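K.L.:
Each chain, written out:
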Amino acid sequence: MKPPDFDYVAPTSVDGAIKALGSDSEAKVLAGGQSLIPLLAFRLAGPSLLVDLARVDGLDHITDQGDRLVIGAMTRQRRVERDPLVANRCPLLAESLRHVGHPQIRSQGTIGGSVAHADPAAELPGVVLALGGRVHVTGPAGDRTIESEELFQGFLSTSIADGEILTAVEVPASGPRTGWSVVEVARRPGDYALCGALCQLQLDDAGAVMGVHLGLIGVGDRPMRAHAVEAAVLAGANPADAAELAPDGLSPSSDVHASSDYRLHLATVTSRRALTQALERAA
Amino acid sequence: MSDHAVTINVNGVERSNLVPARLTLADFLRERLDLTATHLACEHGVCGACTVLIDGETARACLLLTVQADGREVTTLEGLTEGDELGPIEQAFWAKHGMQCGFCTPGFVLTIAELLDDNPNPSREEIIEGLGGNLCRCTGYVKIVEAVEEAVTLRGGGA
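Same order as they appear, the protein sequences are chains A and B.
The working numbering numbers the first residue of the first sequence as 1 and each following residue consecutively.
The working numbering numbers the first residue of the second sequence as 1 and each following residue consecutively.
Isolated chain B, as found in the complex:
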């Protein structure tokens, strides 16, 4: 099957590549661009580990073909903050021990970034509902919910 030329803005940089149609965006980010913060677990859209922002909205990178992302803007965890600086959500995960193995964390951080952009001061119920599309097999979610509440404070969204 033929390769397809794509140009995708990834974390603010135009990246041009030739890709087979079957290559998912998640594999493109990881294998072609070495952006390995986007994790792959289930590879069929259930676990949320591969969550990225497409044109500013969260999406599953395993449920998009790279060719579908041609001409669009993709933000991965690497692009969420400058350099090695921790953003408020990452700081909150650190402070509240919102991770154990950390495999699911990149997807959670991007989901939370969108959640707090839409709703800077969510209730606990809204946080739990907002995290519904991301699976964590270590924490039992309690520490992740606490991290979101901490992030609300760090971002100055608290009452």
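One chain only, chain A, in its complex shape:
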């Protein structure tokens, strides 16, 4: 269908965007539109005003802050995917982007838009959660940061308040001897994953795992972190044994694409494969 009628503004500053957003209780932020415009076409969203962030100054950047990478909310996914700094400093993020939709989507889709949309099967929220990243938001009361474990509140829900705008996404930069892996099971490449595992781990000088991050997508109402698997790996378990713990605490719903039991099975399978590949890459 065609989108319903709405009004549109394209402010050029964050302050202007916050004022516009505050001017209308039914206003919604437009980033790249690759999730929002389908919702409009399906008439699942009916905002009276769209506040487009594309012309806001200062939201399109990739900044190296030493131990962290800060990426402006409106940075296009394809730019991040192709950025040598990201490939070098946060390879898990670079690789996960190749699984986001298709190139035609990533050319317009943004980092901040995907994270704020918070689809439980989407890669970018999963990466931010797995790595323990955070987001920067600005609202009428000023700036604040939200840690990833506080950010994702449920299906398409975040703790970003009404009237606030996500301005940047921050992820820790990887250190030496880091391995990573993105393993998904999807009906077709580019589809949302039935289940996906996003893994980054680091070895110490002796070759033992000193840090491991494992995120799971598609297995709940929000991205999940596989703490039990991580603890087992740190305690020395091999990938196959550790991955058996992946279903701990998960209760995915059944739908037309996959049953709950199948998704739990995939959580183990994708976790095992991701841990194995990440270990190989770190070695």
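Rather than coming from a laboratory, the hints here were simulated on the basis of the structure.
None of the values given here were measured: they were computed from a predicted structure.
Using N, Cα and C, we set each Cβ at its ideal position, and we do this for glycine too.
A hint or two may mislead.
Unchecked claim - Examples of chain A residues lying across from chain B (beta carbon under 7 Å, computed): (1) 5; (2) 6; (3) 38; (4) 61.
Stated by the list, open to error - The calculated label-pair distances, taken between Cβ atoms and stated as ranges, are: (5) A:241 <-> B:142: 41 to 47 Å; (6) B:34 <-> A:149: 50 to 56 Å; (7) B:137 <-> A:283: 44 to 50 Å; (8) A:283 <-> B:16: 54 to 60 Å; (9) B:73 <-> A:262: 41 to 47 Å.
As the list claims (entries may be wrong) - Not the full set, but computed from the structure, chain B residues with beta-carbon under 8 Å of chain A: (10) 4; (11) 7; (12) 43; (13) 45; (14) 48; (15) 57; (16) 60; (17) 63; (18) 64; (19) 65; (20) 67; (21) 68; (22) 129.
With chain A held as given, fit chain B onto it using these hints.
P.N.:
Chain B only, in chain A's frame:
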């Protein structure tokens, strides 16, 4: 709701228009500019029939509002080659019978144009992955993949 003034460079020509915010770029191209090579099927970003180039990169014209394209450069199939000349990708579709009904073809041609610009000599696997965002309901894709391989040869990208 109010109309918005936009100026969009479409196939090398600046086009100014007043549009409602809800008008998608695909509808703008088809209904305001009569550029009907950009096809619309699913209208929610799945099928790829409406693929165009925005600032040189492929994008779904059904997933962009016309107001979002203000000030940007859009290339449609009509702008990919001069006049009635067939470019190498179109010639390859002709030679390899890469279409049946032809509805999906414009989107495929633009996707392939970008694919071959990025990677002039792709493997069969890279071609199949590169076409993943475009649906065809007639061919079963085999002839389209062969057309891409033919286009590689016609463009002089083959080994």
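K.L.:
Confirm or reject each hint.
P.N.:
Verification of the supplied hints:
1. Interface restraint check: residue 5 of chain A against chain B, minimum CB-CB distance 5 Å, threshold 7 Å, status holds.
2. Evaluation of the residue 6 of chain A hint against chain B yields a held restraint, the C-beta minimum of about 6 Å falling below 7 Å.
3. Annotation: interface hint on residue 38 of chain A holds; nearest CB of chain B at approximately 4 Å, less than 7 Å.
4. Because the smallest distance between the Cβ of residue 61 of chain A and any Cβ of chain B comes to about 18 Å, over 7 Å, the interface hint for this residue is violated.
5. Checked against the given bound of 41 to 47 Å, the beta carbons of residue 241 of chain A and residue 142 of chain B, roughly 44 Å apart, stay inside it.
6. At about 53 Å, the beta-carbon gap between residue 34 of chain B and residue 149 of chain A stays in the expected band of 50 to 56 Å.
7. Remark: the range hint 44 to 50 Å for residue 137 of chain B to residue 283 of chain A is upheld by a beta-carbon distance near 46 Å.
8. Checked against the hint of 54 to 60 Å, the C-beta distance between residue 283 of chain A and residue 16 of chain B comes to roughly 59 Å, which is consistent with it.
9. At roughly 45 Å, the beta carbons of residue 73 of chain B and residue 262 of chain A sit within the given window of 41 to 47 Å.
10. Annotation: interface hint on residue 4 of chain B holds; nearest CB of chain A at approximately 6 Å, less than 8 Å.
11. Taking 8 Å as the C-beta cut-off, the interface hint given for residue 7 of chain B is violated, the closest approach to chain A being about 14 Å.
12. Annotation: interface hint on residue 43 of chain B holds; nearest CB of chain A at approximately 6 Å, less than 8 Å.
13. Because the smallest distance between the Cβ of residue 45 of chain B and any Cβ of chain A comes to about 5 Å, under 8 Å, the interface hint for this residue holds.
14. A hinted interface residue such as residue 48 of chain B counts as satisfied when its beta carbon comes closer than 8 Å to some beta carbon of chain A; here the least separation is about 7 Å, so the hint holds.
15. The restraint placing residue 57 of chain B at the interface with chain A holds, with a minimum CB-CB distance near 4 Å, inside the 8 Å limit.
16. Below 8 Å, beta-carbon pairs count as interface contacts, and residue 60 of chain B has one with chain A at about 5 Å; its hint therefore holds.
17. With 8 Å as the threshold, the beta carbon of residue 63 of chain B comes within range of chain A, its nearest partner Cβ sitting at about 5 Å, so the hint holds.
18. The beta carbon of residue 64 of chain B is positioned within 8 Å of a beta carbon in chain A (closest approach about 6 Å), and the interface hint is therefore held.
19. Using the Cβ-Cβ criterion of 8 Å, the hint placing residue 65 of chain B at the interface with chain A is satisfied: the shortest such distance is roughly 7 Å.
20. A least Cβ separation of about 5 Å between residue 67 of chain B and chain A falls short of the 8 Å threshold, and the interface hint therefore holds.
21. Using the Cβ-Cβ criterion of 8 Å, the hint placing residue 68 of chain B at the interface with chain A is satisfied: the shortest such distance is roughly 6 Å.
22. The closest approach between the C-beta of residue 129 of chain B and any C-beta of chain A is roughly 6 Å, which is under the 8 Å cut-off, so the hint is satisfied.
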